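Q: Next come the chains, spelled out residue by residue.
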Amino acid sequence: MNIKKVFEVRGHARGGQGMVTAFEILAKVFSYSKNYEVQAFPFFGVERTGAPIQAFLRISPDAILNRSNIYNPNLAVVFDEGLIEQTNVFDGLPENGIILINTDNHPSFYKGKAKNIFTVPATKISLEKKLGSKSLPIVNAAMIGAILKILDAGIDDAKIIISKEVPSKPEANSQAAEIAFQSVVGFTDSSFHKTISANIKLTASPNGLLSVPYWDKPMSLNKTGNWRVFEPVYINRQPPCTENCPAGTDVRMFVKLASEKKFEEAYSVIYSHNPFPSVCGRVCPHFCQQNCNRNIFDEQLNIGAIERFVGDNNSSYHFNPSPILYKEKIAVVGSGPSGLTAALRLRQMGYPVTVFEALPKAGGMMRTGIPEFRLPEKILDREIQKITEQGVKIILNKKVSVSELENIFFAVVVAVGSHIGTDMNLQNENEIIEGINFLREIKFNENRKSICKGDKVAVIGGGNTAIDVARTVLRLGGKPVIYYRRTRQQMPAIANEVEEALKEGVKIEFLTSPVKLEKNKKGDFKITMVKMKLGEADDSGRRKPFPIKNSEIKISVNKIIKATGQVFDDFVFADTTVKTKQGRIDFANENIPVFCCGDMAWGGTVVEAIGSGNEVASEVNSFLRKADYAKSRRSNDVVSADQINFAYYLPTPGNPNPFKKVKKIFNDFTEVVQGLPSNKIVQEASRCLHCGDCFNCGNCFNFCPDAAISIDEENRLRIDYDYCKGCGICIRECPCSALRVEEENKLVETE
Amino acid sequence: MKTEVAILIPKRKEIKRHTKKVLKGNSAAAEAAKICRATFVTAYPITPQTTIVEEIASMIARKEFDATSVNMESEHSVFAALKGAALTGKRVFTATSGQGLLYAHEVLHAIAHLRLPIVACNVGRPSYPWNIWCDQSDSIAQRDTGWIQFYCENSQEVLDTIIQSYKISEHLLLPTLVVLDAFYVSHTNENVFIPEQKLVDEYLPSRKKSDSDIDIDNPKSFGGLVAPDMYDKFNRLFWEDMNKVEDETIKAGEEFEKYFGRKYAAVEAANIHSGTKIILITLSSITTTARGVIQSHPEVGLLKIRLLKPFPKKSILKILKKVNGACILVTVDRNFLGDNEGALMQEMKRALYGRTGKIFGVYAGLGGRDVPPSTIEKIISIDFNSAETKEIIWIDK
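These protein sequence lines map, in sequence, to chains A and B.
Following our numbering, the numbering of the first sequence begins with 1 at its first residue and continues without gaps.
Following our numbering, the numbering of the second sequence begins with 1 at its first residue and continues without gaps.
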């Protein structure tokens, strides 16, 4: 083409698309290879990426005698078609003016808007050449090619200049320019060729301000949201504490409430999943705490202490019985944590529930197996009392079998636990004391005579029973040594309890197993022990121990107590063989549906028993209401430690549980671990990272480059999608992973 | 589209010992600092000046420019450090804008009265109401600090003026501020002819050593307390040299033409003759647009003020001798100084003292407001002979 007079180009783009550079390159093309006078300059309205900007280009054979903006361009170029609905790109375009739009649409799509319309799929071309990203395609090289096509100026010189001038990917950029040069689609009337170089008659100029971008009006008019491809959304993700609680307790929530001193609300949150906060606060292994993301940062949150405080602090909390809604009576056999939890849940749902307990006191293993120095009786009594005050009926001293219940009850939940010790298959085994019975005798009958002061006592096993037995022996004046066939890592006992036992003076011999028991005349024992080594992992995932040949040693002790595991008492099934499992079981007598929960069906801790009780209650309800039952699912979106932005947290030492100072352990059965005072609890709860839960820290608000995040009337952070460009900075800077990026088209407008 | 006509090659010749580049005003300023062989550059970035110091820093990093660049913590320090460096006899450079220049105000006095031949660029932008666009109130607020001030119309003039400024400054031992318009010059890419290094070296040899430079073998103290009689003497000597600036500017411009082929003076007159009815008096980039408009208005003349401080009264009066007494003078001020008149109007009235004839002051383009050809048309279409036309006119009111 032949430019005889000043030819003016006006470009419309968003800050960051490279238009200013494109116009600079075009100026160079026309200056260097065609020897024109040129002027290329930007018009920055507001300095924000994504905000509408304009740039101008003048090309002339003679000196350019004008240094003002361009109002009536010979050619208007639109780098982003989203701008068409936002700014009037056709403003001041003369009748014979040309418009070039970056779009996949055919020019006829814009028919009627201008006479000479050209389009080029510059975004598509640029993405194919991997220039920029889907959210920020760099279209400038392609647009240079298209503009050169419109100006009929050839592409060859431009390719050389483009590859020299672009900051990166010279090859891809010059290719994009060439492809675009060949991809321009035109829609013109027949007079196009005549008009292109004709004198443009200026219509009245608005004199001064351009209509866009606005600079004399509020910044809020420059909406940038329609540039967004991905958008950030606030989400609530599953924290590892809640995820790992077998009872399903919303741990993060009650910790948060505790940090706000809302202890009663925190109690309700725990109670909705766990009716034994004070018990669990003391004896639970706290899977929540073990999986706390703070573990890799400084130290885990002491959630156990918080739970214990919340439970104890609400000791006078009063419940009213729920109304009876259904006639179907339900029997629960066993008053341990699973039985009582199931009973309470079913009672809360509106069923009349009766619990049968063989022993004179309710509580199951919490009562019989956990010593006073770990769980004081009055704590347990209080939590059981709260269950009964809600309408659960407990019949004590009543050992029942399922068949006795069949004509009275519509369903029976069997939760008898595991209270029968297992055998080691050794000779003279019946001469030694069973650990679980030993503990029960102490608790129920104050029978402390089995151990005499100074007795050397061998405790066989590595579980919680073995540890509790050894610590009890210590308090009775005995000298306990635990013999365990694996190593400390494989011990099923709660790690804290092992630690405390060792501190108190319990000795543990690892990789040692008894092979022979001999009782002498005085009633003392000689045990032959064999040393073990660990082999491959077995079904439980623990490495299996094997005896080492010729490693036998003999030891003499006064007493032996074994704690090598327990099984359930099958009296409840009238001595028939039943395969127990969680929920409804196959039972020979079809007159009554039988469900199982607790130790005999699930895990071996109080909290697992509670989870098991919750689960069975909902299964029983579904069965009686003839509704579909679905097991509660675990989340598949748990916040992991690598998703936490630790830079935004201060390392803060935790508040460990205080221990009672013991002068003399003999005969001291008072509680060892003490609670924390309320100020320490608030402090500890405030260490929570809030994994996956926005805690209004305001990082996103502070970092948003477009001030698109605001705080609403409820003091919650909100994203204004009119301005959010989807840059993702908020997601990156969120400390607790409570923001996620989503594909634009999947989203529904927020409120 | 098919190619209908072969590409027309404009007749403009290549210039000897120059390379043509498409540069924006800011890049031309950076390029000038390099070819003038400045050895010490201090910087503190501010929109719209930033790209000047950025480009200098990257040229130094690429080892194309042998200088030390120091990023300071404020503009006050930028000029203070420059002062110290210049005292050693070195050629130094910096650039700033708007609030940055205002912040450096105190040091500007010190530099001038220590008679240091520093050349600095200012990309004109206003202060408050907060604005980043083109305006001259920042540099004009420094009129009385004792610095020479040049205002440039385009990128080529920025480059050429910096070269000449070192010549003038080092001859008279006075600092010079070279002012370019924000965006309309600073960010406008256009053809610039860059002279080869040797040519610049021939025109502008290294700065001469002087007895008043810091010399580690002969320790002296600088900036001590000056008694009233000496103070008066220093100022009188300053005044004597300041009065030489106009002539030195013309001399430097004529010499520049011999080397580089482009002529410069203190002012430039276009279309001023006995038949001229209106003369537009302009600074900087508005001049270009006015040039375009007067192409179709033979009765309108144009007087471009290139040297604003000290005001080139002699040159102006000489040009105005050509016109008759009915010719109307109209100043176009892109600066508001808290007074009735803008800077050009004030200076012109001062220069014209004792003469008869009408003069009007127009405010246009403040804070980056665009001055398109239509605004110039509007100015020249005012009926200046009407009794109702006020002396001061806000053209976009």
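Quick caveat, the hints were computed from the structure, so don't treat them as lab data.
Possibly wrong hints are sitting among the right ones.
[Stated by the list, open to error] With a straight-line Cα cutoff of 25 Å, these simulated DSS-like cross-link-like pairs (lysine-lysine) come out:
#	chain 1	residue 1	chain 2	residue 2
1	B	K322	A	K5
2	B	K378	A	K5
3	A	K5	B	K20
4	B	K251	A	K34
5	B	K251	A	K4
6	A	K34	B	K20
7	A	K164	A	K115
8	A	K169	B	K16
9	B	K16	A	K34
10	A	K526	A	K549
11	A	K262	A	K386
12	A	K164	B	K322
13	B	K358	B	K322
14	A	K449	A	K664
15	B	K244	B	K20
16	A	K456	A	K581
17	B	K318	B	K251
18	B	K63	A	K164
19	A	K164	B	K20
20	A	K4	B	K198
21	A	K661	A	K453
22	B	K16	B	K358
Note that this is a predicted model, so its numbers are computed, not measured.
Q: For every hint, state whether the structure bears it out.
A: Hints versus structure:
no. : hint            : in the structure
1   : B:K322 - A:K5   : violated (33 Å)
2   : B:K378 - A:K5   : holds (24 Å)
3   : A:K5 - B:K20    : holds (22 Å)
4   : B:K251 - A:K34  : violated (36 Å)
5   : B:K251 - A:K4   : violated (38 Å)
6   : A:K34 - B:K20   : holds (13 Å)
7   : A:K164 - A:K115 : violated (36 Å)
8   : A:K169 - B:K16  : violated (35 Å)
9   : B:K16 - A:K34   : holds (19 Å)
10  : A:K526 - A:K549 : holds (20 Å)
11  : A:K262 - A:K386 : holds (21 Å)
12  : A:K164 - B:K322 : violated (51 Å)
13  : B:K358 - B:K322 : holds (16 Å)
14  : A:K449 - A:K664 : holds (19 Å)
15  : B:K244 - B:K20  : violated (34 Å)
16  : A:K456 - A:K581 : violated (40 Å)
17  : B:K318 - B:K251 : holds (16 Å)
18  : B:K63 - A:K164  : holds (19 Å)
19  : A:K164 - B:K20  : holds (16 Å)
20  : A:K4 - B:K198   : violated (37 Å)
21  : A:K661 - A:K453 : holds (22 Å)
22  : B:K16 - B:K358  : violated (45 Å)
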